Amino acid sequence: MDVLWISIGAALAIVGSALATAWAQSRIGAAAAAALAEKPELRTTAVLMVAIPETMVILGFVIAVLIVLKGG
Amino acid sequence: MIIPMARVRLIGRKDELSQALVALQDAGTLHLATPADDVPRHAPSARERRRRRDLERALADVDGALAGLRALDAAVDAGGAGAAAPAGRAAWLAARVRGRTTAWARERQALTDERTALAAFAPLFAELEALIGETGARRLFTVHLLRLRGDGATTRRLREVLARTLGPHELRARTLPDGELAMLLLAPAARAADVERLLADAHVESAPVPLALGGGTVVEALARLRPRLAAVDARLAAIAAEAREVAERAGPTLVAARRGFHDELAELAARALAGETPRAFVVEGWLPAAGVAALTARLTAAVPGVSVAEVARAAWHSDDAPVVLRNPTIFEPFERLTAMLPLPRYGSVDPTPFVAVFFPMLFGLIVGDLGYGAMLAVVAAILWWRGGARGWAHDLARIAAAIAGYTLLFGLLFGELFGDLGARALGLRPLWMDRHEGILPFLGLAIAIGLVHLVLGLVTAAVARRRHPREAAGRGLAALMMVLIGVVLATLMKLLPGALFTPALVVLLVALPVLVVLEGATALLELLTTVGHALSYARVMALGTASVMMAMVANQMVGAFGGAVIGVLFALVFHLVNFAIAMFSPTIHVLRLHYVEFFGTFFDPGGDPYRPLSRWSPEPCPEGP
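Residue numbers (our numbering), protein chains in the order written: chain A, 1 to 72; chain B, 1 to 625.
The set of hints was computed from the structure by calculation and includes no laboratory data. A hint or two may mislead.
Listed next, the stretches of chain A that the computed footprint assigns to chain B, with coverage defined by at least 3 CB atoms under 8 Å from CB atoms of chain B [stated by the list, open to error]:
#, stretch
1, 15-24
2, 59-65
Some, not all, of what chain A presents toward chain B, calculated at C-beta under 10 Å [claimed, not checked]:
#, residue
3, Lys39
4, Glu54
5, Thr55
6, Leu69
7, Lys70
Computed list of chain B residues with no C-beta within reach of chain A, every gap over 12 Å [to be verified]:
#, residue
8, Lys14
9, Asp38
10, Leu111
11, Val143
12, Ser307
13, Asp420
14, Val540
15, Glu597
From a predicted model like this one, the values you see are computed outputs, not experimental measurements. By construction, the Cβ of each residue, glycine as well, lies at the ideal position given by its N, Cα and C atoms.
All chains should be built: construct the whole structure from the sequences, respecting the hints.
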């Protein structure tokens, strides 16, 4: 039973953060594409802006690893 | 690093201003600035304004003429020395050449269109010629050129109707470039009226003979097609020859004129930045401090009456000075990465050396595999071989070589060769850490590197702001607090003796209000952000673990798909995919760690690029003298 809950907890940590990252990147990506169409010189800023929400899923991954390692 | 700049002031007789500006253009080292507020600015005269307008118009003509010649495949060597001509004659010549190239371009376009239209009919006319040759007697036949839009069924129906009504006839079809179907109908002359009626009933229109062939009947047009095509080709060749002749004759003059007009416009713009009194002029500007003596010697030799004096450092603001970056050769390629952000302000810190050290290191830490490192080294060698002595590819090759070196080094330390293939096939063992087994130590290492990186940034900021003691103390204290936070975390994780916990915590609590006093309440928020940034380095562990796991999955494909050959192929493809991901993902994330987390501690953007007054060149001016 513990293994089940540990797995579900780790999965939720990834799922929640991945969905949040995906939602944020979809909004930022669309805005960045629109901005780049008018100002191509903003490409670096655009790449950075798109990469910023990835922190969430990476931290989610770290939490999932901690749950699995500490719980298991 | 940002090289030290000096501000110099030139003072001379007003009538020597032009001479001084020409000497400055020749020297090509002074970035002009407006003189101090108490010096009246030069007001452009009506003559100067008119001259500027004339030059701009002449320059537009020269550019138009050269572009026109280029469009006619008669390009002029833009970097050639060129023969100088009086400005007025050069402007007249430019306007004339521009007019002729415009007319030629228009005529060439019309001829090309006509040639395309005639070429579309040529195969059909060739068939007509053959058909008439076969029948032998032109007068006994009526010829129709038809144009039909529709599918195969339409053509089939027309053929059936013609066969039923006309009896013996010839019908040949060809699809034109615009998708329409051109048809040639050859019928006995006695049935001409029937043919006309039949086509009218079937709503099939006769295709007009191309206008270029002068109208008339198809048979008449046939006689004129070949001569017209030859005439078009001859005229196109003549235009090309004339354009080449003009390019050869006028090209050098135009090239020289372009350079001269640009230089004169730059001089007029520089004149507008000068200050002047009824008898004297003042010009101020920036140049690398090491070049002051050379400029002074050059100017006083060219214009003996001009005095050059360095403005005291206390009399100018850092924010006004332009920025020139100069780094050791080994760091230079990494300027490409920092150039993606705005230039740092003068007086702040050039982040290039930090990027040159930490970018390849963090990349290597993430990928850390002997196999992928070797592949990267091959990529670097190819880029080096194909990239020439300079340019993007050459710099990319040097960056790739650096990251390949670190990837190989960490691959050796982690004992990874295409994931666990080295361990399984060659008995390779980690010299330092097994990333597959030691995820938590790897996480600790990533965050520790983040702490060191950020502390380095805060210390750099403290040193850079040494002229502002309060700010420098604030940054230094923030750095100390980050170290203490690291110590507290390390004692909690039993990596350091527990005895350090209490002293570190006490110092941390004492430092907190001091930081607020030095930098205000927002310093607390900044400190929390910096701690968050240190945690952001966990991505090094996340990406590294993902990379090694994917490599291991690729290795497990051997034997998982029945046949060994298929398994090996799948494994190879998966390793290639992992390698491709390993090129892009770590690059973006490591750049982001630099741009967002690390630069946030000390980077001060908004520097003004160094653009010295110099002779115009078709190539972009290199940064720096």
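Hints versus structure:
Judged by the Cβ-Cβ criterion of 8 Å, the stretch 15-24 of chain A is not covered by chain B as claimed, because only 0 of its residues qualify and three are needed. Taking a C-beta to C-beta cut-off of 8 Å, the stretch 59-65 of chain A contributes 4 residues in contact with chain B, enough for the three needed, and the coverage statement holds. Annotation: interface hint on Lys39/A violated; nearest CB of chain B at approximately 14 Å, more than 10 Å. Residue-level restraint check for Glu54/A holds (minimum Cβ-Cβ distance to chain B is 7 Å; threshold 10 Å).
Taking 10 Å as the C-beta cut-off, the interface hint given for Thr55/A holds, the closest approach to chain B being about 5 Å. Interface restraint check for Leu69/A: the shortest CB-CB distance to chain B comes to about 6 Å, inside 10 Å, so the restraint holds. Checking Lys70/A against chain B by beta carbon gives a least distance of about 9 Å; that is within 10 Å, so the hint holds. For Lys14/B, the requirement that its beta carbon stay farther than 12 Å from each beta carbon of chain A is met, with the minimum near 41 Å.
Interface exclusion of Asp38/B from chain A stands, the closest Cβ pair being 38 Å apart, more than 12 Å. No beta-carbon of chain A comes within 12 Å of the beta-carbon of Leu111/B; the shortest separation is about 37 Å. The beta carbon of Val143/B sits about 55 Å from the closest Cβ of chain A, which is more than 12 Å, so the claim that it is off the interface holds. Under the 12 Å C-beta cut-off, the non-interface status given to Ser307/B relative to chain A holds; the minimum distance is some 42 Å.
The claim that Asp420/B is not at the interface with chain A holds, since no C-beta of that chain comes within 12 Å of its own (minimum 19 Å). Look at Val540/B: its CB is around 9 Å from the nearest CB on chain A, not clear of 12 Å, so calling it non-interface is violated. Non-interface call for Glu597/B relative to chain A: violated, since the shortest CB-CB distance, roughly 10 Å, does not exceed 12 Å.
In terms of the numbered hints stated before, the structure departs from hints 1, 3, 14, 15, listed from lowest to highest.
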